[in-house]
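Enquirer: Please build the complete structure, drawing on both the sequences and the hints.
The sequence shown begins at 1 in this note's numbering and counts up one residue at a time.
Source of the hints: derived by calculation from the structure; they are not laboratory data. For clarity, every value in this text was computed on a predicted model and none was experimentally measured. Take these hints with a grain of salt, some might be off.
Label pairs and their computed distance ranges (CB to CB) [said to hold, decoys possible]: (1) 101 <-> 30: 36 to 44 Å; (2) 36 <-> 184: 36 to 44 Å; (3) 87 <-> 44: 36 to 44 Å; (4) 34 <-> 75: 20 to 28 Å; (5) 94 <-> 179: 37 to 45 Å.
Quick list of in silico lysine to aspartate or glutamate cross-link-like pairs, DMTMM-like style, CA-CA up to 20 Å [to be verified]: (6) 3 <-> 138; (7) 69 <-> 32; (8) 69 <-> 168; (9) 69 <-> 59; (10) 69 <-> 9; (11) 69 <-> 57.
Every residue gets a Cβ at the ideal spot worked out from N, C-alpha and C, and that includes glycine.
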Amino acid sequence: MLKVPAAPDEVSSHIAMKAYGGNGAVRLRASETSGAQLLDRAIPGTPLTILVGEGRDDEATSIICDVVKNLHSALPPIGIPMIGSLRAAFDRYPQLTEQPIPSEFVSRARAMFLELAQYQGRRGLLNGDLNPDNVVFDTNRGWLAIDPKGIIGEPEYEFGAMLRNPVERPHLFANPLIVQRRVEIISD
Numbered sequence: 001m002l003k004v005p006a007a008p009d010e011v012s013s014h015i016a017m018k019a020y021g022g023n024g025a026v027r028l029r030a031s032e033t034s035g036a037q038l039l040d041r042a043i044p045g046t047p048l049t050i051l052v053g054e055g056r057d058d059e060a061t062s063i064i065c066d067v068v069k070n071l072h073s074a075l076p077p078i079g080i081p082m083i084g085s086l087r088a089a090f091d092r093y094p095q096l097t098e099q100p101i102p103s104e105f106v107s108r109a110r111a112m113f114l115e116l117a118q119y120q121g122r123r124g125l126l127n128g129d130l131n132p133d134n135v136v137f138d139t140n141r142g143w144l145a146i147d148p149k150g151i152i153g154e155p156e157y158e159f160g161a162m163l164r165n166p167v168e169r170p171h172l173f174a175n176p177l178i179v180q181r182r183v184e185i186i187s188d
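Expert: Below you can see the structure in the form of structure tokens.
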């Protein structure tokens, strides 16, 4: 499968995929400095979002935890941006035509993010967008990550995308009981 980066935050994806070496992620066969990647295809490629939609959120959360363990065995490569570079997403939010989250919440989240990004402890290579849409099933290899952003940061940051997704199901990620249950599973 050929993947060509469509956004600036996808340019380091091929570096992350190379570092993973197929451990917890689809295998990278070749890449270009432009970010273009030739990847193995996960077959059937069923996204983890299907399990979430079937009410199997606990199982989906456990699967993401297993994928994270595999991904985090990779050493951080050179050429991957630090987590603080993600502040640009907060800066772009006011320009969006659709703003599903009230701007005052985004402003508070931005301030917290900037503070936390300054004080990083142990850092490693993160997928950076490990949500149920970016974990797919392969008959031979099990659940695998796809589409990493590729950033360097604290391992705990990895679970943020899962906690605020799937975006098309706000009744899940905005439900305090479900979020609490996800955090309990992650913490085990």
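Enquirer: List in ascending order the numbers of the hints, as given earlier, that are violated by the structure.
Expert: 5, 7, 8 and 10
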